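Engineer: The residues making up each chain are set out below.
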Amino acid sequence: AQKITQTQPGMFVQEKEAVTLDCTYDTSDPSYGLFWYKQPSSGEMIFLIYQGSYDQQNATEGRYSLNFQKARKSANLVISASQLGDSAMYFCAMREGRAGGTSYGKLTFGQGTILTVHP
Amino acid sequence: NAGVTQTPKFRVLKTGQSMTLLCAQDMNHEYMYWYRQDPGMGLRLIHYSVGEGTTAKGEVPDGYNVSRLKKQNFLLGLESAAPSQTSVYFCASGPGGSRSYNSPLHFGNGTRLTVT
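Protein sequences appear in the order of chains A and B.
To convert, note that position 115 of the first sequence is 115 in our numbering; the numbers rise steadily by one, no gaps.
Numbering-wise, our numbering comes out as the position in the second sequence, counting from 1, plus 119.
Because the hints were derived from the structure by calculation, they are not lab data.
These numbers come from a predicted model, not from an experiment.
Do not rely on the hints blindly, as some may be mistaken.
[Said to hold, decoys possible] Beta-carbon label-pair distances, calculated as ranges: (1) A:D55 with B:A201: 27 to 35 Å; (2) B:G182 with A:Q57: 39 to 47 Å; (3) B:S199 with A:T102: 30 to 38 Å; (4) B:S203 with A:Q8: 21 to 29 Å; (5) B:L188 with A:E15: 46 to 54 Å; (6) A:E44 with B:M160: 15 to 23 Å; (7) A:G52 with B:G170: 23 to 31 Å; (8) A:T116 with B:T233: 21 to 29 Å; (9) B:E171 with A:L84: 38 to 46 Å; (10) B:K128 with A:Y64: 48 to 56 Å; (11) A:T60 with B:E198: 43 to 51 Å.
[Said to hold, decoys possible] In silico negatives: residues of chain B with every beta carbon more than 12 Å from chain A: (12) S137; (13) G172; (14) Y183; (15) L188; (16) K189; (17) E198; (18) S199; (19) S203; (20) T205; (21) T233.
All C-beta atoms in this analysis are idealised placements derived from N, C-alpha and C, irrespective of residue type, glycine included.
Model the full assembly from the supplied sequences, consistent with the hints where possible.
Structural biologist: Here's what the structure looks like:
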């Protein structure tokens with residue numbers, strides 16, 4: 001079974017509007033972390049935002065926020081006021097297990113969503 | 120501040136040839152990883168290392184070998200390249216121990232490998 005599922009292969013948004021990129025995950029471990037990365041056409045992987053399973057509040061970083069719904073096992077990325085430079089591939093990833101455990105920091109990635117921002 | 124550096128950036132191999140991808144990090148990270156990226160499949164873990172002299176298999180290790188002789192370097196080898204190994208390869212690093220839990224991985228810029 002897929003541990004991380006991103007069901008939107010491609011998304012389109014108008015500049016200055018908000019967009020939500022979906023991510024659902026599957027784990028039986030009570031300790032886990034969820035990460036979002038951006039990959040522009042130049043290819044590098046840029047870390048955007050992190051949410052821990054025990055965090056009480058949804059994470060926010062500038063125009064990025066994470067809509068974390070633990071019971072539904074979803075961690076959707078919300079980008080507010082989209083900009084042309086937001087056009088990129090976006091990956092959701094999960095790390096299972098506690099610090100010092102056997103996860104050794106490994107990340108499992110979803111398939112990615114290509115976001116296109118129209119002017 | 121270089122972060123994670125991968126060499127080469129591009130490479131074309133013929134089936135059966137061998138090559139080594141080099142990864143170097145200057146952040147004193149304990150953990151290092153090799154991922155491959157294929158269309159529609161995201162990034163998949165090939166091998167990883169939790170310290171100098173240690174390596175472990177990831178999700179898709181077949182056809183690859185790795186070595187971590189120095190803490191800052193992590194090498195990925197293809198002994199006999201196959202067309203199925205055509206992919207973009209990413210090296211990543213992260214802190215070890217308790218810091219590994221909520222710290223993001225730092226990625227290199229990738230190596231695009233084509234096997235004909």
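Engineer: The structure should be examined with respect to each hint, and the outcome stated for every one.
Structural biologist: The hints, checked one at a time:
Between A:D55 and B:A201 the beta carbon distance is about 43 Å. The supplied range of 27 to 35 Å is therefore violated. Between B:G182 and A:Q57, the C-beta spacing of about 44 Å keeps the proposed range 39 to 47 Å intact. As the Cβ distance of B:S199 to A:T102 is approximately 31 Å, the hint placing it in 30 to 38 Å holds. Between B:S203 and A:Q8 the C-beta distance comes to about 27 Å, which sits within the given range of 21 to 29 Å.
Range check, B:L188 to A:E15: about 49 Å between beta-carbon atoms, so the 46 to 54 Å window is met. Checking the proposed 15 to 23 Å range against A:E44 and B:M160 shows it holds: the Cβ atoms sit about 19 Å from each other. For the pair A:G52 and B:G170, the supplied restraint of 23 to 31 Å holds, since their beta-carbon distance comes to about 25 Å. Range check, A:T116 to B:T233: Cβ separation about 27 Å, and the 21 to 29 Å hint holds.
Checked against the given bound of 38 to 46 Å, the beta carbons of B:E171 and A:L84, roughly 44 Å apart, stay inside it. At about 29 Å, the CB distance of B:K128 to A:Y64 disagrees with the hint of 48 to 56 Å. The hint said 43 to 51 Å for the Cβ distance between A:T60 and B:E198, and at roughly 46 Å that hint holds. Non-interface status of B:S137 relative to chain A is upheld: no Cβ of that chain comes within 12 Å, the nearest being about 24 Å off.
Residue-level check passed: B:G172 sits 15 Å from the nearest beta carbon of chain A, beyond 12 Å. Separation of B:Y183 from chain A is adequate, the least Cβ-Cβ distance of about 16 Å exceeding the 12 Å criterion. For B:L188, the shortest C-beta to C-beta distance to chain A comes to about 19 Å, beyond the 12 Å cut-off, and the non-interface label holds. With a least CB separation of 19 Å from chain A, B:K189 remains clear of the 12 Å interface cut-off, as annotated.
The claim that B:E198 is not at the interface with chain A holds, since no C-beta of that chain comes within 12 Å of its own (minimum 24 Å). Distance check on B:S199: its Cβ is at least 27 Å (rounded) from any Cβ of chain A, clearing the 12 Å threshold; non-interface status holds. For B:S203, the shortest C-beta to C-beta distance to chain A comes to about 19 Å, beyond the 12 Å cut-off, and the non-interface label holds. With a least CB separation of 16 Å from chain A, B:T205 remains clear of the 12 Å interface cut-off, as annotated.
Interface exclusion of B:T233 from chain A stands, the closest Cβ pair being 15 Å apart, more than 12 Å.
Comparing the model with each earlier hint shows violations of hints 1 and 10; every other hint is respected.
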